[in-house]
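Hints are included, so try docking the two chains, each in its own frame, into the full complex.
Chain by chain, the residues:
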Amino acid sequence: MNIKCEIMNAQDISRSLNRLTHEILERNHGIGDLVIVGIRNRGDMLAQRIIQRIQDIEGKTVPLGLLDITLYRDDFQRLTDRPVIQETEIVTDINDRKVILVDDVLYTGRTIRAAMDALMDMGRPALIQLAVLVDRGHRELPIKADYVGKNVPTSVTEQVQVKIKEQDGEDQVLLME
Amino acid sequence: MQLEIRHLLGLEGVSREDITLILDTAESFKKVLERPIPKVPTLRGKTVANLFFEPSTRTRFSFELAEKRVSADTVNFSASTSSVLKGETLKDTARNIEAMKIDFVVMRHSAPGAPHFLARCLNSVIINAGDGAHEHPTQALLDMMTMREQFTSLEGLKVIVVGDIEHSRVARSNIYGLVTMGAHVGVCGPATMIPRQMEDLGVTVYPAIEDALAEADVLNILRIQLERQKQALFPSLREYRNLFGITLERLDRTGRDIMIMHPGPINRGVELDSNVADGDYSVILDQVTNGVAVRMAVLYLLGGERQKLEGDDHAA
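Same order as they appear, the protein sequences are chains A and B.
FYI, the numbering for the first sequence is 8 to 184, going by the working numbering.
FYI, the numbering for the second sequence is 225 to 540, going by the working numbering.
Don't read these hints as lab results, they were simulated from the structure.
A portion of the hints provided could be inaccurate.
[Said to hold, decoys possible] With a straight-line Cα cutoff of 25 Å, these simulated DSS-like cross-link-like pairs (lysine-lysine) come out:
#1 B:Lys255 <-> A:Lys105
#2 A:Lys151 <-> A:Lys170
#3 A:Lys105 <-> B:Lys263
#4 B:Lys292 <-> B:Lys263
#5 B:Lys292 <-> B:Lys325
#6 A:Lys172 <-> A:Lys11
[As the list claims (entries may be wrong)] Computed footprint of chain A on chain B, listed as stretches where at least three residues anywhere in the stretch have a Cβ under 8 Å from a Cβ of chain A:
#7 472–480
#8 510–520
Source: prediction; values computed, not measured.
Ideal placement from N, C-alpha and C gives every residue a C-beta, glycine not left out.
This is chain B alone, in the form it adopts within the complex (with noise of 0.2 Å):
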């Protein structure tokens, strides 16, 4: 089996026959992280460079431990240490980094396409690890591989994801790939918040929580960004919470049981009640034991020799 990918910069146009391979490689690594030594020998002497030019705890935690335990070596890059701070253009960090034969990279940059401005001009192979408000593909990997557990199949799986879904890219790449695996996707949230053209992309979208808790299997809870307070998106904290608030009454009174996912950080009492979250229906704790099992998955997947296929030469 082979990927049709050659990098990881989103779900976008990825098949649904490369996401299946991802989830259930995924499952295998996962089984490999409960044994007594959990880690492989697969990628010995493959190296990896995680370079995060936006400040990150889990993903980049989550990243380095799936290198490790399959065994690569790891060099860590961060914006407010590196060069970066001191001028030097995003292509020649990367070159340079690429002269001491880095064979991935890691990277989340605030900027949407940098990945894939860097998949144009190296070699190395490239996972995105979030740029700016477009994509966070391994995000929205590891929570349709928690869906994936729970409901077997993702095929016709009603999916709402909740919150800022304008500036989300964990949002986005949660759309694109489950629309590709045949699920039903709503977005819920302010109406400043959610983007125009969501129709377009087979997503339904409920202006009010109470029809959204009415159809949905999951809820994707996005993280409010509180530093977007400034831009007045919405009145206020506490309005938000009244609107759009997840909070244990709101689901008690649908009577349905409906899977709670959460990317973290958690911001306690605005989107997400802590006894929801804390709750039997939560699988926020699921959803990062996944995460480091599909990024070992995207780690193996897109390592290794790789067969030539057409449209793989591009220039430098």
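Isolated chain A (complex conformation) (with noise of 0.2 Å):
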């Protein structure tokens, strides 16, 4: 695959994260009962720096949650690769919570699915939200994401890549082709 275009640079993921907190801290009215929740990987990242970003204006530190779904995937028995299980570690408890799901892009919206099965086994949260750094639709289920960073059109043959400073040393969004 080869690059065809950037689509966002370090600024504006930077940018598109103060908006995401933003919002998030005004529809929830504060932070009263929140919990961020990253899906493993890259979107635990992200979630990470919402809650830096909410400390920031809040002065106050919102629980973080780690969450791996590869045991709730729906194409558990087509794989031929087993995935490897990462931990999962939310702490908090999630019962009767506001629980904001990040993940770096949103697409058929199966990892969604995934995710929300693994946190009802967790416990009942008052409500999940959604927050997405990038959507490129072609969704195969019906979810739709709460808080959008970017929304970029894409084919089906295209791949969003989304580099995060933690993992790949620099923040950006490649589109490959």
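This is the structure:
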């Protein structure tokens, strides 16, 4: 796959996360009962940044949860490769709390379906909202994000690659073909 | 990631990478067991047949629990209630089961090699739950998982297996697995119960328990099979206890911290005293918990589709 174009640079990502954070706070009237849960991999790092921004704005820390959805995938029976299961760490009780699910790219919606099932097995949240950095369309399930960094119309043959500094050395979103 | 093995028949010849992957995966599953709902939908729609041709309580219970925790459907056959009593051959029993579209067969059998035979004639994934005095791979894996939790690495760890090594599938699987993982393995027990070719497996033989206690990080104590008493491998249970029984006095005398393991069921007061089995260094109940996690990991890693590798095609 080759790089077709850059969708977002580091500054764009930072601005988007600023806006997302403000939207989350505005919609939920502050941080009461909020838990930010990032989907591995990369969603967890974005979740961490949102928590940092909330800290800067409100002066308080919101609990972070990390979610590995491997065991809830719907394509497990078809995979020839056994994905390595990473740790799921949700230390906070999510019962009756507002869970903000964070992921890097929203595509078919299947990951989010799996993540919601996983969350339901851990408790009964008051509500679940979804925040994503990029929404590239092509949904296969009736799922919609509540907070979107950038809507990017794509074709199915293209790929959106999100790079996060902590893991990939730089912040960047690329469209690959 | 994918295991090189297609079935879990034993730990002989299983690579370090495979064992490590199973143990790492088991750690993740152990966390699943701690959740409010300790169950995941991963193997939904898969069916496991538990074929127990020999009595077993905890292994069977542990397998069944693991299967349910990954949402597989289970059916159970035990020798006493099945048509084996009516003279059906193993192959016929197995073929019938396969005709019912079973994905996994978990089998315990008194004949060494029985699961290997099944693997040759069935398409299902076979997991050995103990074949005669040959191997009991999931027990060794859960033992290694328990050791790794305590000592982080198995490399260089000194593990001594005490008891009837000759007739023990637990001992054999432990030796294969631990040697592969770079541990120093020793065995200790009455000379009548130590097989001759032990050194060839890279194992040190300790004739006296005091020598074993002086060096071991971990003691894996085997059950003395009381039913073997008839073979007169040792004069009396009392003499066995005097020579090889793990007592608190013996442990205290070493002044060392030694991790105490036992695959169960324990003959209290024979191979292991109660105050040791229930004492601070005993990890016997951790072994039981880890058993479920290890078996979930094995089912997960052997389930699903498989990339065709060379040598996969075997004629039925």
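Here is how each hint holds up against the structure:
1. B:Lys255 <-> A:Lys105: Answer holds: Lys255 of chain B to Lys105 of chain A is near 24 Å, not above 25 Å.
2. A:Lys151 <-> A:Lys170: At roughly 23 Å apart (the allowed maximum being 25 Å), Lys170 of chain A and Lys151 of chain A satisfy the hint.
3. A:Lys105 <-> B:Lys263: OK: Lys105 of chain A and Lys263 of chain B at ~23 Å, within 25 Å.
4. B:Lys292 <-> B:Lys263: With Cα atoms ~8 Å apart, Lys292 of chain B and Lys263 of chain B stay inside 25 Å; holds.
5. B:Lys292 <-> B:Lys325: 18 Å, holds
6. A:Lys172 <-> A:Lys11: Holds. Lys172 of chain A to Lys11 of chain A sits at ~21 Å (cutoff 25 Å).
7. 472–480: Since 0 is below three, the answer is violated.
8. 510–520: violated (count 0)
Hint compliance for this structure: hints 7, 8 are not met, and every other hint is.
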